[in-house]
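There are 2 protein chains.
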Amino acid sequence: MPPGYPSGVAGAQRITLGVDLGGTKIQTVALRGLQTLASARVPTPQSGVADDVIEAILGTIHTTLAQVGCDASAVEGVGIGSPGEIDIAAGVVTQAANVPGFSASVRLGPLVSEALGGMKVRIDNDVRVGVLGEHRVGAGRPYANMLGVWLGTGVGGGLILDGELHDGRGAAGEIGHVVVKPNGRKCGCGRRGCLEAYAGRARMERRARKLVKRGQDTVLFEIMREESKERLTSGIYVKALKHGDELTKQLLADAAWALALALASAQNLLDLDAIVLGGGMGDKLGQAFVDQVVKQMAPHLFADDHPPVVLHTELGDLSGAVGAALLAAEPM
Amino acid sequence: MPPGYPSGVAGAQRITLGVDLGGTKIQTVALRGLQTLASARVPTPQSGVADDVIEAILGTIHTTLAQVGCDASAVEGVGIGSPGEIDIAAGVVTQAANVPGFSASVRLGPLVSEALGGMKVRIDNDVRVGVLGEHRVGAGRPYANMLGVWLGTGVGGGLILDGELHDGRGAAGEIGHVVVKPNGRKCGCGRRGCLEAYAGRARMERRARKLVKRGQDTVLFEIMREESKERLTSGIYVKALKHGDELTKQLLADAAWALALALASAQNLLDLDAIVLGGGMGDKLGQAFVDQVVKQMAPHLFADDHPPVVLHTELGDLSGAVGAALLAAEPM
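These protein sequence lines are chains A and B, in that order.
Here the first sequence is numbered in this note's numbering, starting from 1 and rising by one per residue.
Here the second sequence is numbered in this note's numbering, starting from 1 and rising by one per residue.
Just so you know, these hints were derived from the structure itself, not from any lab.
As the structure is a prediction and not an experimental result, all values here were calculated from the model.
Any given hint could be a false lead.
To be verified - Simulated restraints, written as ranges between beta carbons of each label pair:
(1) R41(A) / G170(B): 41 to 49 Å
(2) R169(B) / G286(A): 47 to 55 Å
(3) A298(B) / A97(A): 20 to 28 Å
(4) V309(B) / G235(A): 30 to 38 Å
(5) V309(B) / V68(A): 26 to 34 Å
(6) D305(B) / T24(A): 28 to 36 Å
(7) H306(A) / A115(B): 42 to 50 Å
(8) Q287(A) / E222(B): 54 to 62 Å
What the hints assert, rightly or not - In silico negatives: residues of chain A with every beta carbon more than 10 Å from chain B:
(9) S39
(10) R141
(11) N145
(12) A264
(13) G316
Glycine residues also receive a C-beta, built at the ideal position from the N, C-alpha and C atoms.
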């Protein structure tokens, strides 16, 4: 049982709900203890109105509860993992630009709480709750000190220290903006040489388009068109890799190189037990990519006879919702 | 009162002793609570025999107790900060190459304990105890999350997270071996581009000698000869700087540049309250150097509207001995 998990009469453990709010989907799960009882997923409404997103969240909560066969009175609380800047105490999300209607401030926690009759609702950063999920239920279970690195559109992270999420002043874990190369590639944050500039999907796509303009060949955009996608998704990279696409290999080699540097530096500073790679790219690229990172990380490790365990996620794209449900059970 | 500090009848707090073992000096202090009662310092014996070093440690302990006017029965315990690899549980120091007689393994804790009639003796890494001292009594007092970076022959560090020293698996804090420039300058550890390769005194001296060979002018080695030193000490850099020495300015600018990158990356990952610069160079260069680092760090901070406080040490070269005495009071 994780620290802070509500104890009680055995078998009478109450249910917690977890919501992973993303720009394309809303994933909700119901947990009893560490066990997932039910889940529901809907596309994130693209209307541009925050109320529609909140309605959709409530919809997944009711669907999940119906599957479990219980009503809100059986629920201990709701956790929500959200992108953007999070005011944990106030339950407010700001600048979650990927979620329609969330570019300004949204009182997400209070609004969901009110709609559920005053239920306890707790919100935190989407990546941090995903890392919490992997730590309590997934790949990170055996480790007290763990860094989770989520490779998606950007690169986020979360730190588990002495078994607990470490928030710092509220923004700990931003490994995506660790500098891997002084004056290196331009990052989405406006700075140069950040890890995210090499290993974030948005910047990788930008790089791909640049190299194609310079005449390099690739199947990446062909696959993208075939699949009627507007962006190079993690799945597209995996397919291109199966075609032996050289540009894809090069982009992933750059990402692995940058990750190896950032992770080795984090390891030298923190002496972690484990590092878990997750997010869309981490989940999809799996062990082969982990191996590539581990190999390049080794030469930079100070305690090179005692490297950390490096793993990919076990819960895949459910880690965020599971972690959010676990968050709901933690003391405020 | 720091966590873990032994409580008791007010005014009847017992005394703890702290020893800072270095390659050139042994510094010992006696503390009651957070107050320094007495101190003693001797040069580290250069005979090459570990027993002589241990005798000298015991000598400073007895001198300190005599100053306080009490005997060993009034002492709660002894803490020792030592260079080298530390087995905290066994009290064993390995490969403290700078301390004569300590290049192999020395049962430092048990040997000192036996000589003091079985007194509780606790050892830890010299930099980490220095950081603990600055956190509990020095510049880091107001901050729960703090990184101490000690600039000496090498660059060491220690992390205070949620108010406690964070050891990881025993080697946390090695910020000196964070990579600031891929394939950059050669470091003493054999790798390339580590922070220590730019900001550690040994590598700075190597760089100075190289630039002098290439024909660059400097007063550094002139001051070194005048002071009958064999190495470029922190004090020599300070004097050369007062002469407006260009080579010194350049070396310190390189060190500040590398520190700025490493500290910004650590900040982005950890979202710290404060960073404290210590060690010989940190103590001697003081606020002007801190300002130089802060200025160059700012552009790399992800949460740039919320930078950490950056400070130099308050206890100077006493931080190690004070921290060791505080360590002696912590629960095992």
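Structure-based check of each hint:
1. Evaluation of the 41 to 49 Å hint for R41(A) and G170(B) yields a pass: the beta carbon distance comes to about 43 Å.
2. Taking 47 to 55 Å as the suggested C-beta distance range, the pair R169(B) and G286(A) does not conform, at roughly 26 Å.
3. The hint said 20 to 28 Å for the Cβ distance between A298(B) and A97(A), and at roughly 24 Å that hint holds.
4. The supplied range of 30 to 38 Å is broken by V309(B) and G235(A), whose beta-carbon atoms lie about 45 Å from each other.
5. Evaluation of the 26 to 34 Å hint for V309(B) and V68(A) yields a failure: the beta carbon distance comes to about 48 Å.
6. Our hint of 28 to 36 Å for D305(B) and T24(A) holds, since their Cβ atoms are close to 29 Å apart.
7. For H306(A) and A115(B), the hinted distance range of 42 to 50 Å is not satisfied, since their beta carbons lie about 33 Å from each other.
8. The beta-carbon spacing between Q287(A) and E222(B), approximately 59 Å, falls within the hinted interval of 54 to 62 Å.
9. With a minimum CB-CB distance of about 32 Å to chain B, S39(A) clears the 10 Å threshold, and the non-interface call stands.
10. Residue-level check passed: R141(A) sits 17 Å from the nearest beta carbon of chain B, beyond 10 Å.
11. Not every CB of chain B is more than 10 Å from the CB of N145(A) (nearest about 6 Å), against its label as outside the interface.
12. Its beta-carbon lying about 7 Å from the closest one in chain B, A264(A) breaks the requirement of being farther than 10 Å from that chain.
13. With a least CB separation of 25 Å from chain B, G316(A) remains clear of the 10 Å interface cut-off, as annotated.
Checked against the numbered hints above, the structure breaks hints 2, 4, 5, 7, 11, 12 and satisfies the rest.
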